[in-house]
Amino acid sequence: MIKIEELHKSYGQNEVLKGISTEIKEKEVIAIIGPSGSGKSTFLRCLNLLEEPTSGKITIAGDVLTDKGTNIMKIREEVGMVFQHFHLFPHKTVLENLTYAPINVKGMDKTAAIKKAEDLLTKVGLFEKRNEYPNRLSGGQKQRVAIARALAMDPKVILFDEPTSALDPEMVKEVLAVMKNLANTGMTMLIVTHEMGFAREVADRILFLDGGKLIEDASPEQFFAAPSTQRAKDFLEKVL
Amino acid sequence: MNLDFTAIIPSIPYILKGIGVTLQIAIGASIIGFIVGILLALCKIGKVNVLRWFADFYTSIFRGTPLVLQLMIIYYAVPQLLDIQIDPVPTAIIAFGLNSGAYISEIIRAGINAVDKGQMEAAQALGIPYAKMMKDIIIPQAVKNILPSLVNEFITLNKETAVVTVISALDIMRRAYIVGGSTYRYLEPLLFAGVIYYIMTLVLTFLGKRIEKGMRKSD
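Chains as they are written, first to last, in this note's numbering: chain P, 1 to 240; chain A, 1 to 219.
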């Protein structure tokens with residue numbers, strides 16, 4: 001469903017991604033891990049063009065993102081994203097956060113959008129918070145709302161950029177639980193994460209990045225039991 | 001000590017009528033200034049070079065020349081170049097509006113830049129088009145942050161309108177001066193005008209604080 005070929009990204013002289021190629025199938029859950037500065041987030045952000053690749057080709061569901069004529073907006077409707085710092089709209093209620101894009105981007109009927117938003121909030125356990133403003137929520141609640149907001153657009157894939165890194169430890173679990181449920185429903189997910197336990201349990205595949213290169217692409221069992229590169233061994237020794 | 005307010009008492013209602021004129025100019029100019037300010041701010045933060053240059057040039061002209069000069073130029077330019085008769089009050093609204101737009105654009109630009117960059121990314125990630133993102137997501141947050149500066153700008157504008165006396169608009173200032181001329185006592189009506197301006201400023205400051213408080217409730 002997603003095909004990435006020779007993806008390069010440079011900031012001036014600094015080459016952050018040095019030619020990444022991989023394919024992601026529908027319903028696959030991918031955990032992207034690696035040391036900080038390895039290019040994980042940049043890689044993820046290239047997939048909805050929040051970062052513009054310097055060269056290479058990205059195809060999502062048949063659309064080539066990297067072609068000049070491609071309608072970026074159309075692709076972004078289909079690729080949801082969840083950020084480390086949530087980025088909920090603070091001047092809108094929880095419900096409005098979920099309904100704004102479906103109504104204004106997809107042209108969805110307002111009552112239908114509200115109905116859908118309420119269903120999603122129920123799913124993430126926050127229905128009773130629907131009329132609150134985001135500042136009244138805890139970090140874990142905000143992130144669950146952010147996940148529901150992404151889901152409200154019916155995306156084909158959701159990108160998670162370190163979704164639990166900004167949370168207090170006791171709130172990590174509730175967010176991971178929501179993500180796990182989502183994975184079980186067959187959503188295609190790419191997750192940049194430092195949660196090794198979660199990656200091992202939920203991911204179908206691990207992509208290990210280091211120095212802007214994809215140096216391991218393996219099943220979690222294989223990756224955590226017997227990584228094939230020394231770099232990955234060193235990394236796992238430090239984080240586990 | 002020679003100070004006698006009794007001579008101007010019959011003229012007090014006449015001077016007070018100027019409050020309406022002053023407010024009319026200040027409010028009209030603020031609305032124009034706010035619209036011009038938003039448009040200029042969008043030009044300044046946008047990626048189109050021509051628009052950016054235009055907005056910067058506009059701002060530097062209006063900030064780099066005296067307001068009273070701009071007012072008089074517009075007052076004489078409109079009839080002479082466009083062959084349209086224009087009253088002092090509309091002239092003042094246009095001149096102050098265009099001038100205020102230059103200052104407000106800087107305030108709004110700073111406000112937009114101060115909105116967390118993640119807000120823009122979140123909007124982009126949802127596929128929200130640029131215009132809607134600005135209108136519904138970024139600018140409302142920016143305006144909330146800069147509301148104190150905007151209220152300040154309005155209060156300043158309200159006082160500055162006193163220079164419309166040079167094009168004979170019948171505001172508080174002009175009326176006080178006229179009363180001075182007819183009673184041969186200038187000091188008393190001018191002091192009275194000063195009191196009116198000061199009270200207006202106090203009231204506007206109070207209202208501004210109330211609005212800010214109200215806006216903060218959604219936090």
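Read the hints as simulated data drawn from the structure, not as lab findings. Fair warning: there could be bad hints in the mix.
Claimed, not checked - Quick list of the computed label-pair ranges, beta carbon to beta carbon: (1) A/Ile61 / P/Ile72: 32 to 38 Å; (2) P/Glu237 / A/Phe54: 57 to 63 Å; (3) A/Asp83 / P/Arg136: 20 to 26 Å; (4) P/Thr54 / A/Gly46: 50 to 56 Å; (5) P/Val64 / A/Ala114: 55 to 61 Å; (6) A/Asn113 / P/Lys238: 37 to 43 Å; (7) A/Tyr76 / P/Thr54: 55 to 61 Å; (8) A/Gly46 / P/Gly107: 25 to 31 Å; (9) A/Ile35 / P/Lys238: 53 to 59 Å; (10) P/Lys3 / A/Met215: 43 to 49 Å; (11) P/Gly69 / A/Asp116: 27 to 33 Å; (12) P/Pro169 / A/Ile35: 47 to 53 Å; (13) A/Gly46 / P/Pro169: 58 to 64 Å.
What the hints assert, rightly or not - The following residues of chain P were derived to be distant from chain A, with all beta-carbon distances above 12 Å: (14) Ser10; (15) Thr66; (16) Lys68; (17) Asn71; (18) Ile72; (19) His87; (20) Ala101; (21) Lys106; (22) Arg130; (23) Ala146; (24) Glu201; (25) Arg205; (26) Ile215; (27) Lys233.
No experiment lies behind these values; they were computed from the predicted model shown. All C-beta atoms, glycine included, are put in the ideal place defined by N, C-alpha and C.
ask   = In this structure, is the beta-carbon distance linking A/Asn113 and P/Lys238 contained in 37 to 43 Å?
value = holds (38 Å)
task = Please test the hint of 20 to 26 Å on the beta carbon pair from A/Asp83 and P/Arg136.
result = Between A/Asp83 and P/Arg136, where Cβ atoms are some 59 Å apart, the hint is violated.
key: Distance restraint evaluation - P/Lys3, A/Met215, Cβ atoms, bounds 43 to 49 Å   = At 48 Å between Cβs, range holds.
Pairwise beta carbon distance, P/Pro169 to A/Ile35, judged against the given window 47 to 53 Å = 49 Å Cβ-Cβ, so the 47 to 53 Å window holds.
task = Just double-check P/Ala146 for me: nearest Cβ-Cβ distance to chain A has to come out over 12 Å.
result = violated (8 Å)
message = 32 to 38 Å was suggested as the range; check whether the CB atoms of A/Ile61 and P/Ile72 agree with it.
response = Check passed, 37 Å falls within 32 to 38 Å.
request  = Examine each Cβ of chain A, and state whether all of them lie more than 12 Å from the Cβ of P/Thr66.
outcome  = holds (17 Å)
Given as non-interface: P/Ile72, which should sit over 12 Å from chain A by C-beta = The assertion about P/Ile72 is violated, with a minimum of 8 Å to chain A.
Interface exclusion of P/Lys68 relative to chain A, criterion Cβ beyond 12 Å = Per Cβ check, P/Lys68 is outside 12 Å of chain A; nearest 17 Å; holds.
request  = Go ahead and decide if the range 50 to 56 Å is satisfied by the Cβ distance of P/Thr54 to A/Gly46.
outcome  = violated (24 Å)
query = So is P/His87 really clear of chain A, every C-beta pair being over 12 Å apart?
reply = Answer for P/His87: violated, closest chain A Cβ roughly 4 Å.
ask   = Holds or violated: 53 to 59 Å for the Cβ distance of A/Ile35 and P/Lys238?
value = holds (56 Å)
Of the numbered hints listed earlier, those contradicted by the structure are 3, 4, 5, 13, 17, 18, 19, 20, 21, 23.
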